[in-house]
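Residue 30 in the UniProt record's numbering sits at position 30 of the sequence shown; the count goes up by one each step and never skips.
Since the hints were made in silico from the structure, they are not lab data.
Even for Gly, the Cβ is constructed at its ideal location relative to N, Cα and C.
Where hints are given, some of them may not hold.
Claimed, not checked - Each pair of labels, with its calculated beta carbon distance range:
#1 ILE63 x LYS13: 26 to 32 Å
#2 ASP60 x GLN6: 24 to 30 Å
#3 GLN6 x ILE63: 26 to 32 Å
#4 ILE63 x SER22: 26 to 32 Å
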Amino acid sequence: MANQRQYPRTPLKCRIKICHPSFGELIAQTRDLSDGGVYIKHADLLALPPGTLVSGQVQDLPIAAPILQMRVMRADGEGVGLRFCAEDDERQAAE
């Protein structure tokens, strides 16, 4: 199967707060990051079906990070791959 990734991934471990009405807030850890999205490791996120919108904010920075909207794209045994919603908007505009 060919790699269909539009953006290269960069390994990055940091704490991130994820919010969704089904569980409120949780603190998880990123595994990698790209210009299009982020992979987040946390067992509670596995219950979210693809297409679910969540908000996220990187933690422990010297200033408050922006809160971003992200969409669940896939899940595996460790966590979920999320796409930044700005990517959704750009992709829909191009179609």
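Cross-check of the supplied hints:
no.	hint	verdict
1	ILE63 x LYS13: 26 to 32 Å	violated (20 Å)
2	ASP60 x GLN6: 24 to 30 Å	holds (29 Å)
3	GLN6 x ILE63: 26 to 32 Å	holds (29 Å)
4	ILE63 x SER22: 26 to 32 Å	holds (29 Å)
Hint compliance for this structure: hint 1 is the single one not met.
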